[in-house]
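Dock chain E against chain U, hints included.
2 protein chains.
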Amino acid sequence: MADWKSRVYEKREQIKNSIPPGWVVPQDALPPNSQLDVTAFPQRCRMLSSKELQITESSVTKLLANLADARWSSVEVTTAFYKRAIIAHQLVNCLTEIFVDQALQRAEELDIYLKEHGHVMGPLHGLPVSLKDQINIRGIDSTMGYASWIGKKADKNSVLVDVLESLGAVPFVKTNVPQTLMWAETFNNIFGRTVNPYNRALTSGGSSGGEGALIAMRGSPLGVGSDIGGSIRIPAAFCGLYGLRPSAGRVPYAGCVNSMEGQDSVLSVLGPMSDSIQGVKAFMQAVIGARSWMLDPLVIPKPWSNDEYNLVNHNNGQNLCFGIMWNDGLVVPQPPIRRGLEIVKQALLDAGHKVIDWQPIKHKEILATVDGIWAAADLEDYEAVLRDLKEPLVSSMTPASVDADGFHPGVEFAADGISAFELWQLQKERRALRTEYLGHWNATASATGTGRPVDAIICPTAAYVAPKHGGNNSAAYTKVWNGLDYTSCTLPVAQADESIDVDTRNFVDEPFLSLNDKTTSEMYDARTSHGAPIAIQLVGRTMEEEAVIKMVEIVEVAIREYVMNKGATPA
Amino acid sequence: MADWKSRVYEKREQIKNSIPPGWVVPQDALPPNSQLDVTAFPQRCRMLSSKELQITESSVTKLLANLADARWSSVEVTTAFYKRAIIAHQLVNCLTEIFVDQALQRAEELDIYLKEHGHVMGPLHGLPVSLKDQINIRGIDSTMGYASWIGKKADKNSVLVDVLESLGAVPFVKTNVPQTLMWAETFNNIFGRTVNPYNRALTSGGSSGGEGALIAMRGSPLGVGSDIGGSIRIPAAFCGLYGLRPSAGRVPYAGCVNSMEGQDSVLSVLGPMSDSIQGVKAFMQAVIGARSWMLDPLVIPKPWSNDEYNLVNHNNGQNLCFGIMWNDGLVVPQPPIRRGLEIVKQALLDAGHKVIDWQPIKHKEILATVDGIWAAADLEDYEAVLRDLKEPLVSSMTPASVDADGFHPGVEFAADGISAFELWQLQKERRALRTEYLGHWNATASATGTGRPVDAIICPTAAYVAPKHGGNNSAAYTKVWNGLDYTSCTLPVAQADESIDVDTRNFVDEPFLSLNDKTTSEMYDARTSHGAPIAIQLVGRTMEEEAVIKMVEIVEVAIREYVMNKGATPA
Numbered sequence: 002m003a004d005w006k007s008r009v010y011e012k013r014e015q016i017k018n019s020i021p022p023g024w025v026v027p028q029d030a031l032p033p034n035s036q037l038d039v040t041a042f043p044q045r046c047r048m049l050s051s052k053e054l055q056i057t058e059s060s061v062t063k064l065l066a067n068l069a070d071a072r073w074s075s076v077e078v079t080t081a082f083y084k085r086a087i088i089a090h091q092l093v094n095c096l097t098e099i100f101v102d103q104a105l106q107r108a109e110e111l112d113i114y115l116k117e118h119g120h121v122m123g124p125l126h127g128l129p130v131s132l133k134d135q136i137n138i139r140g141i142d143s144t145m146g147y148a149s150w151i152g153k154k155a156d157k158n159s160v161l162v163d164v165l166e167s168l169g170a171v172p173f174v175k176t177n178v179p180q181t182l183m184w185a186e187t188f189n190n191i192f193g194r195t196v197n198p199y200n201r202a203l204t205s206g207g208s209s210g211g212e213g214a215l216i217a218m219r220g221s222p223l224g225v226g227s228d229i230g231g232s233i234r235i236p237a238a239f240c241g242l243y244g245l246r247p248s249a250g251r252v253p254y255a256g257c258v259n260s261m262e263g264q265d266s267v268l269s270v271l272g273p274m275s276d277s278i279q280g281v282k283a284f285m286q287a288v289i290g291a292r293s294w295m296l297d298p299l300v301i302p303k304p305w306s307n308d309e310y311n312l313v314n315h316n317n318g319q320n321l322c323f324g325i326m327w328n329d330g331l332v333v334p335q336p337p338i339r340r341g342l343e344i345v346k347q348a349l350l351d352a353g354h355k356v357i358d359w360q361p362i363k364h365k366e367i368l369a370t371v372d373g374i375w376a377a378a379d380l381e382d383y384e385a386v387l388r389d390l391k392e393p394l395v396s397s398m399t400p401a402s403v404d405a406d407g408f409h410p411g412v413e414f415a416a417d418g419i420s421a422f423e424l425w426q427l428q429k430e431r432r433a434l435r436t437e438y439l440g441h442w443n444a445t446a447s448a449t450g451t452g453r454p455v456d457a458i459i460c461p462t463a464a465y466v467a468p469k470h471g472g473n474n475s476a477a478y479t480k481v482w483n484g485l486d487y488t489s490c491t492l493p494v495a496q497a498d499e500s501i502d503v504d505t506r507n508f509v510d511e512p513f514l515s516l517n518d519k520t521t522s523e524m525y526d527a528r529t530s531h532g533a534p535i536a537i538q539l540v541g542r543t544m545e546e547e548a549v550i551k552m553v554e555i556v557e558v559a560i561r562e563y564v565m566n567k568g569a570t571p572a
Numbered sequence: 002m003a004d005w006k007s008r009v010y011e012k013r014e015q016i017k018n019s020i021p022p023g024w025v026v027p028q029d030a031l032p033p034n035s036q037l038d039v040t041a042f043p044q045r046c047r048m049l050s051s052k053e054l055q056i057t058e059s060s061v062t063k064l065l066a067n068l069a070d071a072r073w074s075s076v077e078v079t080t081a082f083y084k085r086a087i088i089a090h091q092l093v094n095c096l097t098e099i100f101v102d103q104a105l106q107r108a109e110e111l112d113i114y115l116k117e118h119g120h121v122m123g124p125l126h127g128l129p130v131s132l133k134d135q136i137n138i139r140g141i142d143s144t145m146g147y148a149s150w151i152g153k154k155a156d157k158n159s160v161l162v163d164v165l166e167s168l169g170a171v172p173f174v175k176t177n178v179p180q181t182l183m184w185a186e187t188f189n190n191i192f193g194r195t196v197n198p199y200n201r202a203l204t205s206g207g208s209s210g211g212e213g214a215l216i217a218m219r220g221s222p223l224g225v226g227s228d229i230g231g232s233i234r235i236p237a238a239f240c241g242l243y244g245l246r247p248s249a250g251r252v253p254y255a256g257c258v259n260s261m262e263g264q265d266s267v268l269s270v271l272g273p274m275s276d277s278i279q280g281v282k283a284f285m286q287a288v289i290g291a292r293s294w295m296l297d298p299l300v301i302p303k304p305w306s307n308d309e310y311n312l313v314n315h316n317n318g319q320n321l322c323f324g325i326m327w328n329d330g331l332v333v334p335q336p337p338i339r340r341g342l343e344i345v346k347q348a349l350l351d352a353g354h355k356v357i358d359w360q361p362i363k364h365k366e367i368l369a370t371v372d373g374i375w376a377a378a379d380l381e382d383y384e385a386v387l388r389d390l391k392e393p394l395v396s397s398m399t400p401a402s403v404d405a406d407g408f409h410p411g412v413e414f415a416a417d418g419i420s421a422f423e424l425w426q427l428q429k430e431r432r433a434l435r436t437e438y439l440g441h442w443n444a445t446a447s448a449t450g451t452g453r454p455v456d457a458i459i460c461p462t463a464a465y466v467a468p469k470h471g472g473n474n475s476a477a478y479t480k481v482w483n484g485l486d487y488t489s490c491t492l493p494v495a496q497a498d499e500s501i502d503v504d505t506r507n508f509v510d511e512p513f514l515s516l517n518d519k520t521t522s523e524m525y526d527a528r529t530s531h532g533a534p535i536a537i538q539l540v541g542r543t544m545e546e547e548a549v550i551k552m553v554e555i556v557e558v559a560i561r562e563y564v565m566n567k568g569a570t571p572a
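Quick note, the sequences are listed as chains U and E, same order. Position 534 (the first sequence) corresponds to 535 in my numbering; numbering is contiguous. Position 338 (the second sequence) corresponds to 339 in my numbering; numbering is contiguous.
Keep in mind that the hints were calculated from the coordinates and are not lab data. You may find that some hints are simply not true.
One side of the interface only, derived from the structure: several residues of chain E facing chain U at Cβ under 8 Å [as the list claims (entries may be wrong)]: (1) 262; (2) 266; (3) 295; (4) 302; (5) 303; (6) 418; (7) 419; (8) 421; (9) 425; (10) 426; (11) 428; (12) 435; (13) 436.
From the three backbone atoms N, C-alpha and C, an ideal C-beta is built for every residue, glycine too.
Only chain U is shown next, with the shape it has when bound in the complex (with noise of 0.2 Å):
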């Protein structure tokens, strides 16, 4: 048996067994395959306390007015959602370290410190939040799905581990990515395959996919993913959740594993995942207050700014005008996507808010470039890894590929990078673009009827909502605001229906955009597709963290609204 796969099983045994054996769900308890939405199971299983499922069903915000006032404990709160993230693991294999006594001695910890000091320790106190695999903490393993770095326990902490800490939060649990990170979906040899909540036989996205899973299940209440081309979105979108990528330089990543280290120009981010946009605004005004450009050289040292969130630069949050890109120019977004646009673009006039049209330039030249820096030295980079025990690079996340002990057979690859010159001169072109779409941005300003530019796009987050397994073959419409570095948030707007999300697009006098349009177009299955989120994105410049987070709250409230009002049937 080859070196690696002796590993991998030893990793796989080990795993098994840090869970609490009072936590493994009896076999005869397990939904059987055929049953595709998990999401219910953890009330019905009947393994969780009246107790722990209002916990595991409360918001980041009442967790933290709870845990804060003594109300729950951090014991009670961290054991709670531990519980639930074991049981979630066992329906759509979410997780890849576990290591339940350590986070509970933590939780203790706290509570001590809570009792003692008669304060919290910071603004995330007490709080379970749960972190992507390659986000290190000191004593614990982050394989990234690669055999050849089982054992390679982390001899410190990431940067953000520390900071986290230092505000009061627990990390409890490591979750699932693909090999190399650079898919969006999430598979590997060491852990499998994660999969949607909402229907286990669909993607719950990646890289972040385990993340977006547990967090589905309610199995935390905040996770940090990373995103390089919507890594954060497109799993917080597929589970229908809220996902940030911040700009490059907002949240501390010094200390993390990742891929093609030393590649400074389109940069890794790591964000928040929770399933309310509170829960994102909890995390990113509290790592950022944390001032953790005293730690990280690459974060930039700018406080959180209330006015900014007030969106003092945006009218104070009136009367605002977003631009809604139905389609990039590239790829028509699947039915369930098209409604969702229109059922915002209806809440945002309904509640007084202006809605213009967003054309899209050049974004097959920004997504080409941003490809081409990426594979200036992608494969070299993880043949580094790899040579180590000769372990394959997987090439693809379909189920077919894999056999049945969970291994993908790899692909022979030889690494074809390019010189540092030809490097440079993408690298120029996507300042260019850069450039070019920041003059695109500000000459709406002609057009909003608001004196100001758009406030902020609104696209969709994927051109469809979550596919089956290994059919989720493009990222652009996340990766174009990577190769802008724009502030993104993802957040869901309603679920698939069958019924009324019928493709009604006129071939005849609209032809495909292209050839990745039609294969989109046909790969529609309005049955496959019913029940899954539907999401979308929301857009702003570089650095607007603070101004994006308030305008999803603004949509969200809108959403709402409207959906009460009217139904999720735009008029």
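Chain E alone, transformed into the frame defined by chain U:
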């Protein structure tokens, strides 16, 4: 004759013709070549009226005040500086582009604006500002010393020029640079060599050497240079000025020409040079206040902070603790610089501040990483420009290498860049070094006695005062801060004095640190250095522009007090 040479002759002729005949210094009035210090020439040449002398010897603060209340018109002020700039040019060869009519027309528009509106157009109203050659002004060449770029007039303004104009400034000349900008002296085949006004046998430094010489001659009150490894600070230091290298992302760079475009790691930045720190502040506060992140996607949306200027993070400027780096572990500075550091130390102690020694760590590694990143593809970059006209690459700043027509013969070279993957490894290493240095800085908290890490580092700008042409062989003392992206500002302390700057270094007990150290030590010639400005550098953290400016003000006042009381010989 080579095509590139004929273009150069044409360009030289055109520059000569752009000087108004009345501003040409008569041949017999020019100082003889043997006269080295020409700083007093403008006062004595009788070509400037007493009012013009008064204007050109006023500080930026006074100029802005007198312009704002219409005591002096912009036309008067611009004319005075233009005349003096052109007189200076005939002595130190500092200009590249001259456009008198355009600048005076702009000045007149500003005078009319003030009259009509009763208020200034912006905080730099009416002030002439000189620009390094690479900063694009619509309709004017930006050759950067490349014959190939002669006649390629910019089709639009750089963002900074648009911003300066919106602030009321009057861009009025462009200034000389070395070909490629990647030298710390100033010579190219088109415009020739810029010399130091304090001693024309010495270099003005580079690459913003035209700015340094011009401002030292009071031919401009405020100039803009660029700095990728010291190119603002070195000429500012050699010419007795204040020069700030801001962190990347504070001053808009978009729309300038440059070397190595697309190199996204160790970035060139634009910054101010002036003969007062108040001039530096006026520029930074105005430019940052213009919110140019709306125009240049690489500008960080971080507004000017009066809190940071008032040192709220540094005990409000009281009882500061500075770390003095006496040498960088590689090269011990020559006697005048050592005296400069001693003066600053004594001055700060007298002013009630603390001073501890700064231990440099890993400067050699940081410098190697920076050099490696540039060398990844620098030659390919130059080659892409030079091949058009088979123009030579200038490979030395030594006068002996230049022929009677002012041409450097160039060198054969083979572009020998590295792969993108190799570049990523260097960039990864740089990030690790930045993280380590940040930790090192933070760790000084245990040694300062203030409860804070050192508030700033004080160190040499170079190991020597301005050396002879061709002798500036290292930018180590500045480049290390580019590698770390720390805010740094150089300020003048005194002038070299052969009677006191005697080398007392004890070579018996303290052996040379390196071969470079030995060369630098042997190079010292008290006679030649006599009269040259001594400068030091104040270094803050990334993005601490406001705080660095304030601390330079504090140091400057302390030095002035000290010298007034005790002279320029430290105890």
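Let me know if the C-beta of residue 425/E comes in closer than 8 Å to any C-beta of chain U, holds or violated. Status holds, d = 3 Å.
At a threshold of 8 Å, is the proposed contact between residue 295/E and chain U supported by beta-carbon distances? 7 Å, holds
Interface hint outcome for residue 418/E [beta carbon to chain U under 8 Å]: Since the shortest Cβ distance to chain U is 5 Å, the answer is holds.
Please verify that hint: residue 426/E, Cβ, nearest Cβ of chain U, below 8 Å or not. 6 Å, holds
Answer holds if the nearest beta-carbon of chain U is closer than 8 Å to that of residue 303/E; otherwise answer violated. Holds. Min distance 5 Å.
Answer holds if the nearest beta-carbon of chain U is closer than 8 Å to that of residue 421/E; otherwise answer violated. 4 Å, holds
Hint status (Cβ of residue 266/E to nearest Cβ of chain U, threshold 8 Å): For residue 266/E, the interface hint holds, since the closest Cβ of chain U sits about 5 Å away, which is under 8 Å.
Hint check, residue 436/E versus chain U [nearest Cβ-Cβ separation less than 8 Å]: 6 Å, holds
Per the CB criterion, is residue 428/E less than 8 Å away from chain U? 4 Å, holds
When the least beta-carbon distance from residue 302/E to chain U is tested against 8 Å, hint result: Status holds, d = 5 Å.
With a cut-off of 8 Å, does the beta carbon of residue 435/E approach a beta carbon of chain U closely enough for the hint to hold? Status holds, d = 4 Å.
Using the nearest Cβ pair, does residue 419/E come within less than 8 Å of chain U? 5 Å, holds
Checked against the numbered hints above, the structure breaks none of them.
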